[in-house]
Amino acid sequence: MTIDEIKIGGLGASRHRVEDNRFIRGKGNYIDDISLPGMLHMEILRSPLAHARIKSVDTSAAWAIPGVRLVLTGELMASRNLAWMPTLSYDTQAVLATDKVRFQGQEVACVVADDPYIAKDACEAIIVDYEPLAVIVNPTQAMADGAPVIRDDKENQHDNAIFDWEIGDKDGTDRAFADADAISELELHYPRSHPSPIETCGSVADFNRSTSKLTLYMTSQAPHIIRAAVAMVAELPEHMIRVVSPDLGGGFGNKVPIYPGYVVSVLASILLERPVKWIEDKTGNLISTGFGRDIYLRGQLALRKDGKILGVRMHTDSDHGAFFSDAQPSKFKIGLLHSAFACYDIPVAHLTARGVYTNKAPGGVAYRCSFRVTEAMFFQERMVQAAADDLGIDQAEIRRLNFVSDDDFPHRTPFGFLTDSGQYRKCLDIGLEAIGYEDFLKQKEEAKKNGRLLGIGISTMTEPLGAGNSREFDILGIKMFDSAELRVHMTGKAILRTGAKSQGQGHETTWAQIVAHELGIPAEDIVVEEGDTDTAPFGMGTYASRSTPVAGAAVSMVSRKIRAKARKIAAHLLEVSEEDIDWELGRFFVRSSPDTGVTIQECAVAAYSNVPDGMEPGLENNAYYDPPNLTWPFGCYITTVEVDPGTGVWDVLSVVAVDDCGVRINPMIVEGQIMGGLAEAYAMASMQFITFDVEGNCVGSNYMDYLLPTAWETPGFELHEVVTPCPHHPIGAKGVGECATVGGPAAFVNAVLDALKDTGVRNIDMPLLPDRVYEALTEHHDVSGAPPLRTGS
Amino acid sequence: MTGLFTKVPPEPTTDAEVRRITVSINGNQHTVDVEPRLLLAHLIRQGLDLTGTHTGCDTANCGACTVLFDGAPVKSCTMFAVQAEGHEITTVEGLATASELHPIQEGFKDEHGLQCGFCTPGMMLTAKALLDENPDPTEDEVRWALSGNFCRCTGYQNIVKSVLSAAARLRSQSAIDEEEGETS
Chain A
0 MTIDEIKIGG LGASRHRVED NRFIRGKGNY IDDISLPGML HMEILRSPLA HARIKSVDTS
60 AAWAIPGVRL VLTGELMASR NLAWMPTLSY DTQAVLATDK VRFQGQEVAC VVADDPYIAK
120 DACEAIIVDY EPLAVIVNPT QAMADGAPVI RDDKENQHDN AIFDWEIGDK DGTDRAFADA
180 DAISELELHY PRSHPSPIET CGSVADFNRS TSKLTLYMTS QAPHIIRAAV AMVAELPEHM
240 IRVVSPDLGG GFGNKVPIYP GYVVSVLASI LLERPVKWIE DKTGNLISTG FGRDIYLRGQ
300 LALRKDGKIL GVRMHTDSDH GAFFSDAQPS KFKIGLLHSA FACYDIPVAH LTARGVYTNK
360 APGGVAYRCS FRVTEAMFFQ ERMVQAAADD LGIDQAEIRR LNFVSDDDFP HRTPFGFLTD
420 SGQYRKCLDI GLEAIGYEDF LKQKEEAKKN GRLLGIGIST MTEPLGAGNS REFDILGIKM
480 FDSAELRVHM TGKAILRTGA KSQGQGHETT WAQIVAHELG IPAEDIVVEE GDTDTAPFGM
540 GTYASRSTPV AGAAVSMVSR KIRAKARKIA AHLLEVSEED IDWELGRFFV RSSPDTGVTI
600 QECAVAAYSN VPDGMEPGLE NNAYYDPPNL TWPFGCYITT VEVDPGTGVW DVLSVVAVDD
660 CGVRINPMIV EGQIMGGLAE AYAMASMQFI TFDVEGNCVG SNYMDYLLPT AWETPGFELH
720 EVVTPCPHHP IGAKGVGECA TVGGPAAFVN AVLDALKDTG VRNIDMPLLP DRVYEALTEH
780 HDVSGAPPLR TGS
Chain B
0 MTGLFTKVPP EPTTDAEVRR ITVSINGNQH TVDVEPRLLL AHLIRQGLDL TGTHTGCDTA
60 NCGACTVLFD GAPVKSCTMF AVQAEGHEIT TVEGLATASE LHPIQEGFKD EHGLQCGFCT
120 PGMMLTAKAL LDENPDPTED EVRWALSGNF CRCTGYQNIV KSVLSAAARL RSQSAIDEEE
180 GETS
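Listed in order, the protein sequences are those of chains A and B.
Going by numbering that gives the first Met the number 0, the first sequence opens with residue 0, and the numbers climb by one from there.
Going by numbering that gives the first Met the number 0, the second sequence opens with residue 0, and the numbers climb by one from there.
Hints are computed from structural coordinates only; laboratory data are not their basis.
Do not rely on the hints blindly, as some may be mistaken.
[Unchecked claim] Simulated pairs of lysine to aspartate or glutamate, EDC-like, Cα-Cα distance not exceeding 16 Å:
(1) Lys560(A) <-> Glu615(A)
(2) Lys119(A) <-> Glu34(B)
(3) Lys307(A) <-> Asp344(A)
(4) Lys119(A) <-> Asp57(B)
(5) Lys307(A) <-> Asp170(A)
(6) Lys443(A) <-> Asp393(A)
(7) Lys330(A) <-> Asp473(A)
(8) Lys26(A) <-> Asp57(B)
(9) Lys160(B) <-> Glu717(A)
(10) Lys26(A) <-> Glu92(B)
(11) Lys54(A) <-> Glu74(A)
Just so it is clear, the structure is predicted and the values come from calculations on it, not from any experiment.
Sequences and hints are given; from them, build the entire structure.
This is the structure in structure tokens:
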């Protein structure tokens, strides 16, 4: 009688994905697949210069091209009070430039035409007269005396500073450093990278004059935030805006912010009363949309001579580009960078963070991480590695010595977060065993005799995933809870909707598994829908690994509400009091007579046909979930590499990942997420970065210059797991989607530096391109900074 | 077309010269008038509504637009439609029959070889071209064959497994076919 939970696709089942049925047939519905009757096409003209005053914009030749319906300039936008829009970080961003262009690729004008070819032709026919201005491409230039003020549009902005933020205990940290046996110091640059989903951004705006309703199809990881923002910017009433986010060809944070293209497509549709489609090209995506990282660190550890860390000092300078448009919790100016060192038992720490404007594309927080935790954990693990090397201590040992112990939870991190669970030493031990740590150290010594350079790198971290709780997390004042709505139909089949938005994570598969776990309804009987603000409950979307911690918890809670009502119906059907019945998966039964029972499906029929007196009919409900804390998964990543001393090329020999993300809903999908994260970690460590020359030209504006690893370069991965359930999540799950991207890069970098240890080189900044490794090897010095700038003026 | 009416555009939007071409896509002949500059990917997607072929990068790097051109994988975003005149094109829509998935599609589903699904059609077609040539590839041969197709979600490991599993499936299928051929 008992239902086998795995068989019905419940918790722990590696259920095949529902969404694959359309994707493998080429029947996904991505933004560019949407075609509406009478639809027009929009293209954007972008600035070729990084900083210049606009003297004039001549659109007459563009208007003259047959098939051109509308040419939009900053001037036209300004006449409708739409030349500027608010950002998610309380700054403003130009929609179409009016006074100046402030980065290469900035949106200057748009053309709407009968087809995209005509629109592109017309963009090329627009003549813009620019007066070039001095260009700033890094924080040092931005803060220099007499630097040109990039944001001269803002009153009271007399320099390029955005914020100066600090957290922690300065005096206590100073005392810890005064008492230390040794101080280990490191300066690091986490280069600018781009999330670069294969699908770019785009929208189809469809304003219907007769109903005054705007339907906006768009590539958004957070459609409800967009609806709220459009209501504010376009001054349309919120109930007259429907945002639909269709299948997304990847997101990784790139599809959270609001971009000018979306806004202009909306205005164009309103003006023309026709649907307007905008599909960004790859260069537009790479040079103008939300990038990740671009931050400099000066870090210090106060150390006891046995390797115990007594205190941490960090200062960061972050480059936000021309507009401060990070999509991040409003209270924390540098995101969750202060989650650094959360897995270590460290009494005191102090962080200062400065953010600046430069003539580069805006963004800075996105890319497969929970608001700058990628930088936090990279800096942490590079600093720990350097400390081990400085003291001559084994790199595994220094971590073991400093880890928070399993019985020391809840634990207050040095910057004040509260971690709640983990088995850090166990994860590390499994990882070391899997990689064959002791054997590899011997092998490495042997290889050295033959002139071969082997290295091993470790990275261990716990990170805060699942923003929010509403006490601390909001975006534009909107609290970061999430939601689920469940309707069980009369035949026991169901539809579930949530405020999250899958971009490949497989919510259509996994959310149904949570319902199956809570109600015993087979997962295949539950359809999952997301992304349409007219039907989905209000939610904050999917990023920061927050879906399972927040929306996933809401799915559990709404299922439990349904079960509570079904229980009353069951008591009515069984003619006993509610207290006399028990629940097993999928069925209520009389405690004293376990063979007498009713299934959840029978309760569903009764909900529509035979409810007890006084009860509302139906079996549906919703839940808004505000998590009490973040979830704290742990990751241990260990890699071995061989560096070719003749060329600086390094090959990955093995990669081991041990992840503890609590209870796994669908192990197959969890492993898929971890492997994807590891590949991106390898990408950033080895080749993937966006940089700029001294004139602010973006180097990395297309896939010939922006190197992404293919199946050929990407190493194989060996995965292991430890399960420490999250104590506050309804099913004990923790976030996982970003762990390997966050923790992984330091493992690769530490491995290469381990191979180079005898040269005395302490740092090579990412990406570890062969020429940079070769330079370090042959010239025995650190190689720092963003590559082209090193040899620039 | 019923012939009952033909839509006449209200005004000519372009005076561009057009060329008439005939292309075979998934076994169906299409005769279309195209501007010489029209990209093959756009003919397939917008002209013929076969939206399973995606465009990612416009520079022939990402492989999302991969189709088979007389059996060989090509990036349809950097070919002109007119170049396809008289050739046979296979897109992802041509892989499965109404009732049956192609073993490569089954392999991708079984081995979790996709997440967002955007690169998947191109990956599967590249894999098909490989397996048509080499029914029993090594892992390295699969990785090399797929090195013109980017995936940002999976880390490739499961894609490689998907192709190897499809290869095994295809081999056992052809072994059965041969056996049946001998007995009949």
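Evaluation of the provided hints:
1. Between Lys560(A) and Glu615(A) the alpha-carbon distance is near 14 Å, which keeps this suggested pair within the 16 Å criterion.
2. At roughly 15 Å between alpha-carbon atoms, Lys119(A) and Glu34(B) fall within 16 Å of each other, so this suggested pair holds.
3. Proposed proximity of Lys307(A) and Asp344(A) is supported: the alpha carbons are some 9 Å apart, at most 16 Å.
4. For a cut-off of 16 Å, the pair hint linking Lys119(A) to Asp57(B) stands: about 14 Å separates their Cα positions.
5. For the proposed pair Lys307(A) and Asp170(A), the alpha carbon gap of about 20 Å is over 16 Å, so the pair is violated.
6. Taking the CA atoms of Lys443(A) and Asp393(A), the gap is about 14 Å. The hint holds against a cut of 16 Å.
7. In summary, the hint linking Lys330(A) to Asp473(A) is supported, as the alpha carbons are separated by about 8 Å, within the 16 Å threshold.
8. Our distance criterion of 16 Å between C-alpha atoms is broken by Lys26(A) and Asp57(B), whose separation comes to about 21 Å.
9. For the suggested pair Lys160(B) and Glu717(A), the alpha carbons sit about 14 Å apart, so the restraint of at most 16 Å is met.
10. About 8 Å separates the Cα atoms of Lys26(A) and Glu92(B), which keeps this hinted pair within 16 Å; it holds.
11. This hinted pair checks out: Lys54(A) and Glu74(A) have alpha carbons roughly 12 Å apart, not beyond 16 Å.
In this structure, the earlier hints numbered 5 and 8 are contradicted, and the remaining ones agree with it.
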